[in-house]
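Take the given structure of chain V and dock chain E to it, following the hints.
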Amino acid sequence: MSRIRILAEEVSNRIAAGEVVERPASVVKELVENSLDAGASHVSIQIRRGGRSLIRVSDDGFGMDSEDVLLCLEAHATSKISSAADIEKIDSFGFRGEALPSIASVCHLELRSRVAENPAGTEVLVSGGVIRNVAETGCAPGTSVTVKNLFYNLPARRKFLRSVRTEEFHIQEIVLLLALANPRAGFQLTFDDRPIIAVQAGNDLATRATMIFGKDSMRSMIPVSAENDELKVGGFVARPGLTRTSRREQRVFVNGRPIDARTIYNAVRDAYHTMVMKGRYPPVLLFVDVLPELVDVNVHPAKREVRFRHDRQVGEFVGIAIRQALRQIVTDSPPIPEPLRQPQMSERETTMPATLLNVNAGIPGRRREPMSFATGASVDEPSPSAFSATDADSEVAPAFAPRSPAAGPNSDRGRGTSISAAGRDAIRAMRVIGCLSDLYLLAEGPDGLVLIDQHAAHERVLFEKILHAARSRDGNRQGLLIPVTMEFSNADAAVLRKHHDRLNRLGFEIDDFGGSTFVINAVPAHFPQTNLTGMLHDIIDTITDSPLGARRVDDDAIALAACKAAVKAHDHLSASEITQLLQQLVDTELPYTCPHGRPTMINIAFGELERRFGRRA
Amino acid sequence: MKVSVSSKNLVEGLRKILNIVTVRTTMPVLNNVLLRTQNGMLSMMTTDTDVSIVTNIECDIEEEGDITLPAKKFAQIIGSFPSGDVKLVTDPTMTTEISCGQAMFKIMGLPAEDFPEPAEVQELHKIDFNKIEFGKTLKKIGYSVSTDQTRPILNGILLSIHEGSITAVATDGRRLALVEKLLDDAGNGIDGDFVLPTKVVNELQKLLEQDGDVTVRLSESHASFIIDNSVLTSKLIDGEYPNYRQVIPGAFKNSVTIPREHFAEVLNRVSMVLNDAGASVKFKLEPNHLTLSASSAEIGEAEEPLEVSYEGDPVTIAFNPAYLRDPLKNLDCDDLTIRFNDEFKPVVILGDEGFLYVIMPMRS
Numbered sequence: 001m002s003r004i005r006i007l008a009e010e011v012s013n014r015i016a017a018g019e020v021v022e023r024p025a026s027v028v029k030e031l032v033e034n035s036l037d038a039g040a041s042h043v044s045i046q047i048r049r050g051g052r053s054l055i056r057v058s059d060d061g062f063g064m065d066s067e068d069v070l071l072c073l074e075a076h077a078t079s080k081i082s083s084a085a086d087i088e089k090i091d092s093f094g095f096r097g098e099a100l101p102s103i104a105s106v107c108h109l110e111l112r113s114r115v116a117e118n119p120a121g122t123e124v125l126v127s128g129g130v131i132r133n134v135a136e137t138g139c140a141p142g143t144s145v146t147v148k149n150l151f152y153n154l155p156a157r158r159k160f161l162r163s164v165r166t167e168e169f170h171i172q173e174i175v176l177l178l179a180l181a182n183p184r185a186g187f188q189l190t191f192d193d194r195p196i197i198a199v200q201a202g203n204d205l206a207t208r209a210t211m212i213f214g215k216d217s218m219r220s221m222i223p224v225s226a227e228n229d230e231l232k233v234g235g236f237v238a239r240p241g242l243t244r245t246s247r248r249e250q251r252v253f254v255n256g257r258p259i260d261a262r263t264i265y266n267a268v269r270d271a272y273h274t275m276v277m278k279g280r281y282p283p284v285l286l287f288v289d290v291l292p293e294l295v296d297v298n299v300h301p302a303k304r305e306v307r308f309r310h311d312r313q314v315g316e317f318v319g320i321a322i323r324q325a326l327r328q329i330v331t332d333s334p335p336i337p338e339p340l341r342q343p344q345m346s347e348r349e350t351t352m353p354a355t356l357l358n359v360n361a362g363i364p365g366r367r368r369e370p371m372s373f374a375t376g377a378s379v380d381e382p383s384p385s386a387f388s389a390t391d392a393d394s395e396v397a398p399a400f401a402p403r404s405p406a407a408g409p410n411s412d413r414g415r416g417t418s419i420s421a422a423g424r425d426a427i428r429a430m431r432v433i434g435c436l437s438d439l440y441l442l443a444e445g446p447d448g449l450v451l452i453d454q455h456a457a458h459e460r461v462l463f464e465k466i467l468h469a470a471r472s473r474d475g476n477r478q479g480l481l482i483p484v485t486m487e488f489s490n491a492d493a494a495v496l497r498k499h500h501d502r503l504n505r506l507g508f509e510i511d512d513f514g515g516s517t518f519v520i521n522a523v524p525a526h527f528p529q530t531n532l533t534g535m536l537h538d539i540i541d542t543i544t545d546s547p548l549g550a551r552r553v554d555d556d557a558i559a560l561a562a563c564k565a566a567v568k569a570h571d572h573l574s575a576s577e578i579t580q581l582l583q584q585l586v587d588t589e590l591p592y593t594c595p596h597g598r599p600t601m602i603n604i605a606f607g608e609l610e611r612r613f614g615r616r617a
Numbered sequence: 001m002k003v004s005v006s007s008k009n010l011v012e013g014l015r016k017i018l019n020i021v022t023v024r025t026t027m028p029v030l031n032n033v034l035l036r037t038q039n040g041m042l043s044m045m046t047t048d049t050d051v052s053i054v055t056n057i058e059c060d061i062e063e064e065g066d067i068t069l070p071a072k073k074f075a076q077i078i079g080s081f082p083s084g085d086v087k088l089v090t091d092p093t094m095t096t097e098i099s100c101g102q103a104m105f106k107i108m109g110l111p112a113e114d115f116p117e118p119a120e121v122q123e124l125h126k127i128d129f130n131k132i133e134f135g136k137t138l139k140k141i142g143y144s145v146s147t148d149q150t151r152p153i154l155n156g157i158l159l160s161i162h163e164g165s166i167t168a169v170a171t172d173g174r175r176l177a178l179v180e181k182l183l184d185d186a187g188n189g190i191d192g193d194f195v196l197p198t199k200v201v202n203e204l205q206k207l208l209e210q211d212g213d214v215t216v217r218l219s220e221s222h223a224s225f226i227i228d229n230s231v232l233t234s235k236l237i238d239g240e241y242p243n244y245r246q247v248i249p250g251a252f253k254n255s256v257t258i259p260r261e262h263f264a265e266v267l268n269r270v271s272m273v274l275n276d277a278g279a280s281v282k283f284k285l286e287p288n289h290l291t292l293s294a295s296s297a298e299i300g301e302a303e304e305p306l307e308v309s310y311e312g313d314p315v316t317i318a319f320n321p322a323y324l325r326d327p328l329k330n331l332d333c334d335d336l337t338i339r340f341n342d343e344f345k346p347v348v349i350l351g352d353e354g355f356l357y358v359i360m361p362m363r364s
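Protein sequence lines correspond, in order, to chains V and E.
Our numbering puts the last residue of the first sequence at 617; the count rises by one with no breaks.
Our numbering puts the last residue of the second sequence at 364; the count rises by one with no breaks.
Isolated chain V (complex conformation) (with noise of 0.2 Å):
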């Protein structure tokens, strides 16, 4: 007996679901599309139980007849291409004919759909890919799909759907992300009847766009506007000064579809060069669009990707236009902190209107060529490797602490490397003969020069402040004689609110004031007095994208998140502070990492440095 076969449809319906169905979110997604496809003008989604129990979806577009609405249902049935030559310029969402089987054969189904011209439509019922009824039925014109107990024949898939909240999250984002893409559309979305989102069709899209990146951060955002024959690019940059830790507020869209897009990354990280510190990204909604036979939207199944035909062009194209975006501003109203110029203001802020304009002249940035020393690798980011091609451990490790991390179990104060009282002393005996590019200090050490990363000493020094005052409940509190109000993003306000006693413990007081506004009365003494909320919201990003998942996430997470932003809102260092911070780093526990685990200081042994320098073989 032979031992391949073909399968099953409802098998191989059932493993495609795998790649379009993750999770309640791709339902969403696919069923959106379809009435937006559909030339639908209002869409209905309602979710409960963050979609386990029901997803149900209604649109007011062109509906099926009785005929379509079976053939809907069978794989690979689609009425929006019909040949090969189609797939050559997609112009809608769907196109592969799988979705709707795919889901169906994962759930209980119940589909109505009526078009406009009958008296009556039609009602399917489908349940794990197998049609159990069809009938007519009154309903109004469009369609409404709805999915109950989502994966009740996957168990296994089942299983890994995430809390209600997360998934609800999930809903979220992708409901968002559709509104923004279709401003022709209303959408209206419910978890549990508690309305999320409701916009009408034909709201702009700065009004769509401040539910995402909420009313404080779309005040810093600029508009970008450019096309040419083939490419069009549209939407908001941030302006220079709003960044956050992650790329979660890039959003892109290509051809009104949102996509993780390198090319367009990459575009932006370009075009803020020099603006923005490594790691930091500055929010972006990117509207790029594209003639449809300039593009392969059939890369990915859940077609998060793209493929440009000529991806430079549209890369440069976007970038320029963003720079000219950020460009306008610089020369009529000056960015956020112009104004007054203060001379405690970094010099890396102080500067940037400037090197913008140097942009296209090809003056160099800040990028470094590598040290003299370093044998090929990048300086970009030190790494202890660029010091030393020969054994790089004992030359670069802290010179005077012991090899091993004795820290090992002692997780609670970060990753890190304990000190002796005689290592402790060869800090205290360490002369600081200098200070690198505002980021390194160098200082004589017993053993050779050592050079200390100032931001991953501070970072260290924060951390046990905040973390000891967490714990020891003493934490000095400053409060505030005029509190700050500040607008969330509903998602980032679910954090907030998931979180608000921890950050409480830590010396913050933020009053929920309901919705998306909350107002800070106290935050812990030790932190910068400036920029409180582009504080609140780096912390919110760094829980967020914690790998340990937000649901993880514990007090001295917190505190990491609470220092990091810290440390980049403080992000230079007075001459004074340069001196406490020598100090303060001695009499931390942990001295010799930042709690990531970063060094906080190397050395660089006299053997070292004379054999580079050819007076020792």
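Where hints are given, some of them may not hold.
[Said to hold, decoys possible] The calculated lysine to any residue pairs, modelled on SDA-like cross-linking and capped at a C-alpha distance of 20 Å, are:
#1 Lys345(E) <-> Gly479(V)
#2 Lys345(E) <-> Lys215(V)
#3 Lys284(E) <-> Val519(V)
#4 Lys345(E) <-> Asn476(V)
#5 Lys345(E) <-> Leu481(V)
#6 Lys345(E) <-> Val484(V)
#7 Lys282(E) <-> Leu480(V)
#8 Lys345(E) <-> Pro483(V)
#9 Lys215(V) <-> Asp238(E)
#10 Lys498(V) <-> Thr166(V)
#11 Lys235(E) <-> Thr147(E)
#12 Lys345(E) <-> Leu480(V)
#13 Lys215(V) <-> Ile153(E)
#14 Lys215(V) <-> Pro152(E)
#15 Lys215(V) <-> Gly515(V)
#16 Lys345(E) <-> Ile520(V)
It is worth saying that the hints were derived from the structure and are not from the lab.
For chain E alone, kept in the frame of chain V given last:
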């Protein structure tokens, strides 16, 4: 342009206007000082487009004209001359001959037409202040101005003129300083709020050192200050200043009076054990006694009592010492009065006439 002017007057004039010059490369002409003959005087002006300052000095004019010269270099050259007359002669190629005694420089300039004219102040109000008094007012509150670039409205001093009195306010959201004064002639019916950027406040203070009057002209968007031969013009900070009256408590349960200088000494002494900007000094109040104490894990502890007049219940309040030091340093009075309700609510410090300082205590 062909003029002759005393080097002393030039140096003095340049000193007043040089700080406005910013080192920016976007508009090279902003690095320059504009020189032009006007009404028989040599008028010198610098600007960063938001703030501009003009000062007029006496000179002998042989030929009218104008030019802009690199400000810092020009000041450096003039400053190096012995006292005597300086001759400035500009030729059509934008080169200016600067000579004094035997020394002769030829300096390249940029055309005066490129220099941005200062904003015309559409005068709504005009008011005169005594220079020294106005300068002191700014000094008594200036340290409270916020440097947080994300709240631009707090990056300046509010001048609020209502019902015949003027209130100057500065706050960084944690503490607030204000000085309130009655105006002569009931302020001529002026009514409005004007927020002066820090940069202007700093420049003003330098110009207000001598006795005499300063004339302030105010419009919706600009303020200009006429001080002797100089005019300082600035954009106002746009936006609505927070309602500062709301943060000043209306009534107090307790009050302590302390000699200012002694208090400042004790505070400085006690805070020596602190090594952290976020640390606090504790004020323990008992009838007729105030004990200041501070401690840090790394350094140690300090404590010092003071005799004060206090009759309320025992209470301990914590403050950020830096926030207390500022007003102590900038006031003139002999005694301070601290008023408060409890260890959580805003605390008020009174001293010089019309001065009021509000500070939030620290909590743990």
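Right, here's what the structure says about each hint:
{"no.": "1", "hint": "Lys345(E) <-> Gly479(V)", "in the structure": "holds (9 Å)"}
{"no.": "2", "hint": "Lys345(E) <-> Lys215(V)", "in the structure": "violated (31 Å)"}
{"no.": "3", "hint": "Lys284(E) <-> Val519(V)", "in the structure": "violated (31 Å)"}
{"no.": "4", "hint": "Lys345(E) <-> Asn476(V)", "in the structure": "holds (15 Å)"}
{"no.": "5", "hint": "Lys345(E) <-> Leu481(V)", "in the structure": "holds (9 Å)"}
{"no.": "6", "hint": "Lys345(E) <-> Val484(V)", "in the structure": "holds (17 Å)"}
{"no.": "7", "hint": "Lys282(E) <-> Leu480(V)", "in the structure": "holds (18 Å)"}
{"no.": "8", "hint": "Lys345(E) <-> Pro483(V)", "in the structure": "holds (13 Å)"}
{"no.": "9", "hint": "Lys215(V) <-> Asp238(E)", "in the structure": "holds (19 Å)"}
{"no.": "10", "hint": "Lys498(V) <-> Thr166(V)", "in the structure": "holds (12 Å)"}
{"no.": "11", "hint": "Lys235(E) <-> Thr147(E)", "in the structure": "holds (18 Å)"}
{"no.": "12", "hint": "Lys345(E) <-> Leu480(V)", "in the structure": "holds (10 Å)"}
{"no.": "13", "hint": "Lys215(V) <-> Ile153(E)", "in the structure": "holds (18 Å)"}
{"no.": "14", "hint": "Lys215(V) <-> Pro152(E)", "in the structure": "holds (17 Å)"}
{"no.": "15", "hint": "Lys215(V) <-> Gly515(V)", "in the structure": "holds (12 Å)"}
{"no.": "16", "hint": "Lys345(E) <-> Ile520(V)", "in the structure": "holds (16 Å)"}
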